[in-house]
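Number of protein chains: 2
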Amino acid sequence: MNHEFYMARALQLAELGRYSTSPNPRVGCVIVNNGEIVGEGWHQKAGEPHAEVHALRMAGDNARGATAYVTLEPCSHHGRTPPCAEGLIKAGVARVVGACSDPNPLVAGRGYNLLRDSGIEVITPCLETQAIDLNKGFMQRMRSGMPWVRAKLAQSLDGRTAMASGESQWITGAAARADVQRLRAQSCAVITGAGSVLTDNPSMTVRPAETGIEQEQRLWRQPLRVIIDGQQRLSGNEQIFSLPGDILLAVSDAARCKVRRAESLGTLSIWQAPLTMANKVDLSALLAELGERGCNEVLLESGAQLAGAFAAAGLINELVLYCAPTILGSEARPLLSLGLERMQQQLRWQWQDVRMVGGDLKLVLTPDA
Amino acid sequence: MNHEFYMARALQLAELGRYSTSPNPRVGCVIVNNGEIVGEGWHQKAGEPHAEVHALRMAGDNARGATAYVTLEPCSHHGRTPPCAEGLIKAGVARVVGACSDPNPLVAGRGYNLLRDSGIEVITPCLETQAIDLNKGFMQRMRSGMPWVRAKLAQSLDGRTAMASGESQWITGAAARADVQRLRAQSCAVITGAGSVLTDNPSMTVRPAETGIEQEQRLWRQPLRVIIDGQQRLSGNEQIFSLPGDILLAVSDAARCKVRRAESLGTLSIWQAPLTMANKVDLSALLAELGERGCNEVLLESGAQLAGAFAAAGLINELVLYCAPTILGSEARPLLSLGLERMQQQLRWQWQDVRMVGGDLKLVLTPDA
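Protein chains in written order, with the UniProt record's numbering: chain A, 1 to 369; chain B, 1 to 369.
To be clear, the hints were calculated from the coordinates, so they are not data collected in a lab.
Even glycine gets a Cβ: it sits at the ideal position worked out from N, Cα and C.
The reader is advised that the hints may include incorrect statements.
Which chain B residues stay away from chain A? Per the calculated CB distances, all over 10 Å, these [to be verified]:
1. Glu15
2. Gln44
3. Pro103
4. Ile270
5. Arg348
Derived list of chain A stretches under chain B, where covered just means 3 residues or more per stretch with a C-beta under 8 Å from a C-beta of chain B [stated by the list, open to error]:
6. 158–170
7. 317–327
8. 339–346
Let the hints inform the model, and build the full structure from the sequences given.
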């Protein structure tokens, strides 16, 4: 078997951490001795052992002279757990195949160098695209300090999200809504605006039973709920404040914010947002704040106004559109509030994925570079 | 080989007539003797021999005792050519496998009965769905007197067809535009509105070189161009009137219509349209008129107003949406002008096909029953 074969298995293991590893990356490890898999592991949760530790434990003495496949460069620094590169050296592996480098400035090549310095053969990259894709939030945060912003929108064939009255339940079907639950579950934070909170009274929580995620993968925490309330229209009596889980409320004047909630429900952080020239919450600053707080992937679930503001600022890294086979007409609400005048101003995207989810079409796009 | 194997070949042959057989249906025929294909044929053009005639000619004496596969019930009436059922009987075939029945009231079971009465074994249906799909325009016209209406629209991800100024060239790419050329080529008529003629100055002709269609299949005629001008805004000086090909101009007061064109360019029919209560051209009456004129499939290529009117009247049989990976914003023009107020009024559709055409996504839908 070639390296890609075992790396693909390591990526499958890493994938099991999709809903639980943040702020850490999703990582899998496979140890192969004499063509046989003798150890497997994946990182489950921050503070718990890394993938390599699990795999080395399982391999025991069989790790000696073996090849270790890791989906990310082994760490070289002492964090909450000892460095994995040292673990691999101590276990006596002969070779390490690494999918990609860790952009974490604390690692960034040091992991591979530590191995090489100990006489271990290092082969990298291997299935690099897939490995980076699995951790695009972590990668982006390490490189830019900002999380990966995924904007989720549900629309009709004619690009409408609700009737003019606001009526919108339901445009998309149950399968698409379950898919959104999975997007929430893998996100570190879910962002919405005060307008949506007032209009739709959403919970923005993950409802485990609705996700369809295997029990084995259900180690998640509720994502941080981020509410942008630049005009401070919320009173704190909205449903979202009475549901368990942490909340970050971005306001323009923290001193004047009256929102409170029971401490037993989770932390409420009132965050004084820097404002733009137009006196709106500075969305870049908000994302930097979320990066500081260890958010890898955030999900934007908002109305047309806020989604339009993120798009206009070029802050959307991934667009997830659920398109229902229906026409709502030209009086219905637009997908994004965005005032463009000339074709030259259009926002072009690149297709990443197109597939049916139940009776709806799911489109995934990233900005055209 | 089973019947489906040979019928699939017959359907492939029928498909060769996609751009040329109207007002006749597309039909293919395969004659099999002792497990060997001894004759093949397809109908090319009205007035020329039917598929069965071509196949029987090729088979010659080998037709005796053979099985004939026909994608449509053989005709039993004397039209421009003698009835094919008789031809099959004379040639001495032992068995006829028919994909589906001919809804043409002049045939409608008589073809199969004629064969049975002569002692020929008849097996039907066989790949019926595919056979009906190939001739849905013909089938619909025979049943209802109206053509199959295919509405083609090109839009952005957010359901917009042009900037507010009307600027729209180009939302979709060259491959999608070539695909539209093929839709035109297979249509008996292309319908547009005076508004589009005045704004976009379109030709509405098929440009053979742009279609990418094989030379073998290029027996087509230009589709009839149908222009709806209820307010009689057109002068006759628009480009569309100076291009070769027939035109049907639907007006509210034929006596007051001043549009003329050179006879050498083709026929110009000024059609006095019945009007609706709202004083608009009655679209159902227009379709009945096109049915009378032998139109099987018509392509609606219009702006939001006319497309919205067809949709509101429930007259669209197939929606073909080319969706470009771009966002044009909420000031841009809507897909359809259609004033719906409640979710209950939404127009639901069924997915028929989703595929990439160049860099754009092509969605095909039919109304949800």
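Violated hints - listed by number, lowest first = As far as the earlier hints go, only 5 is violated by this structure.
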